[in-house]
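J.: As you go down the protein sequences, you meet chains A and B in turn. Sequential numbering of the first sequence, starting at 117, is according to the numbering used here. Sequential numbering of the second sequence, starting at -19, is according to the numbering used here.
Some hints here could point you the wrong way.
[Said to hold, decoys possible] PhoX-like, lysine-lysine: derived pairs with alpha carbons at most 20 Å apart:
#1 Lys333(A) x Lys314(A)
#2 Lys311(A) x Lys333(A)
#3 Lys254(A) x Lys243(A)
#4 Lys186(A) x Lys256(B)
#5 Lys76(B) x Lys147(A)
#6 Lys147(A) x Lys192(A)
#7 Lys254(A) x Lys192(A)
#8 Lys316(A) x Lys333(A)
#9 Lys186(A) x Lys76(B)
Keep in mind the hints are simulated off the structure, nothing from the lab.
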Amino acid sequence: MNEEKHVCKSKDSCCGVCCTQIQDFSVTVGKAQILHNVNIHIHCGELTALIGPNGAGKSTLLKAILGEVKHTGSLKYLDAKGLRTGNPLIGYVPQYLNFDLGTPTSVLDLFTASISKKPAWLIPTNKIRQRTSESLAKVNAEHLIERRLGALSGGELQRVMLALSLDPVPDILLLDEPVSGIDQNGLELFYNTLKELKNKYDMTIILISHDFDLVYKYADRVVLLNEGTVVTSGTPDEVFNDKRMREVFRMSKFYIQNNEQRNTIQGGND
Amino acid sequence: MLNWWYGIIDFILPFQWASHAFMKNALTAVLLVTPLFGILGTMIVNNRMAFFSDSLGHGAFTGIAIGSMLGVIKPIWGAIIFSVAFAILITTIKNKTKTSTDTIIGVFSSTTIAAGLVLITLFNQPYNTYLVGDLLSITPSDIALLLIVFVLVVILWVTIFNKLLVISVNPLLASSRGINTMLIDILFTSAVAVIVTITIQWVGILIINSLLVLPAAAARNIASNTRQYHALSIAAALISGLAGLIASYYLNTATGATIVLIAALLYFITLSIRGKVLK
């Protein structure tokens, strides 16, 4: 695979060379302005967590980065050697997988359909099988290759989707709340895998999460969104100790308590 | 033109039912059209589009009414053009709107069937054929058309199936991998519209949708991957098509309905063994 990708010696050497810039993103659907003046500067080899209350515009921002919703503003990507600029290769791990659980689609079928031109209703070549195995190995999921998608647990399904998003190895990896419906061990495992990938491929990871414990532990940078724009961003310490963080989430405490039982806002006192 | 083929049928099937030319034609059509229903059905069931494909049938009905009214070279061409246009329209609306898809499909479904009935009765045409269908009315030129459609659908399926599968798992995932979801969707629904339009005169609008849904639904009860799904769906469609054709000959029943009953029987059989086959 793309093993020759640039690996940063340190964060400073990377800075200003290999980065993703989201400039002045605005999204208007109908008459409603969902995002306005979003500016985010992301370095590669960093895990950036997008947090914010429900309706803050997190998912819309991911869709805008994917080009799925119309937006103004620009997405600039500069690779370390300045070789590839403009259109970064984006890997995406979706939030909701509301496909029919009875679907007779195996993990191998999904990979075949995604990475090759050979119809998934024919017998896959050894090459495809090999490549799928290698991808699944990156997330410790080789054993799931013949399993039906509907027979996977939430955590297994997320790991499979992560493996899929890594083939081909993307410049930017987008993850939309990849941890819902997964037990605590599965969560830690997932974040650990992300950390390894980040270091190995010097990948830019943008993650939407409500799990503040794990964000605090694993994210390099945190971007707080509210009402369609960036409230503040910085290291987890900076953001979680910011009084605006408390203001934003106090308003939606009800939401946090009800939807994310295990989450509590942890200031810097971890 | 078809004499060599009739000869083959006589040789392989030296039975009374296969000795008539109309049965030979019907048999040929069943062999060509049921596999198509089998493969297209896999994605209709996967994407929960049973109601949607039903409305494509209704659109095809209006198409046939308009086609026979205009009397272009052959009514079927007018019908196909209208049905495809209808399929594109309804797919576009489905993709663009936030209103419940269910309601939109319901609205178009009832409008088109009403329009079809009004047009047909306005011009004093019989409409019973289209409601129930007559599989024994197939002509050699119908078979030629079917053969062309068969080849086109197989080519389409080789080209777009992978993309359809990724879209069915998650549309956003599909577009992140560079798939034009709208275009693929339209190609798929258009193909369904064409098949339904051509077949409606033989199978009838009342039950055509069950031919699309039942074989795939039966197959997915016991399939654990895409290959098995296709193989079993095609097999279920072919078996019910052939068995239904032969049974209807001896029982003197409506062919389309007999085929659907056998497909339904296959569905219930696979449903009952589902737990033993799939873990």
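J.: Now, for every hint given, state plainly whether the structure supports it.
T.: Do the hints match the structure? See the list:
{"no.": "1", "hint": "Lys333(A) x Lys314(A)", "verdict": "15 Å, holds"}
{"no.": "2", "hint": "Lys311(A) x Lys333(A)", "verdict": "11 Å, holds"}
{"no.": "3", "hint": "Lys254(A) x Lys243(A)", "verdict": "17 Å, holds"}
{"no.": "4", "hint": "Lys186(A) x Lys256(B)", "verdict": "48 Å, violated"}
{"no.": "5", "hint": "Lys76(B) x Lys147(A)", "verdict": "16 Å, holds"}
{"no.": "6", "hint": "Lys147(A) x Lys192(A)", "verdict": "27 Å, violated"}
{"no.": "7", "hint": "Lys254(A) x Lys192(A)", "verdict": "28 Å, violated"}
{"no.": "8", "hint": "Lys316(A) x Lys333(A)", "verdict": "19 Å, holds"}
{"no.": "9", "hint": "Lys186(A) x Lys76(B)", "verdict": "13 Å, holds"}
In the structure shown, a violation is registered for the earlier hints numbered 4, 6, 7, in ascending order.
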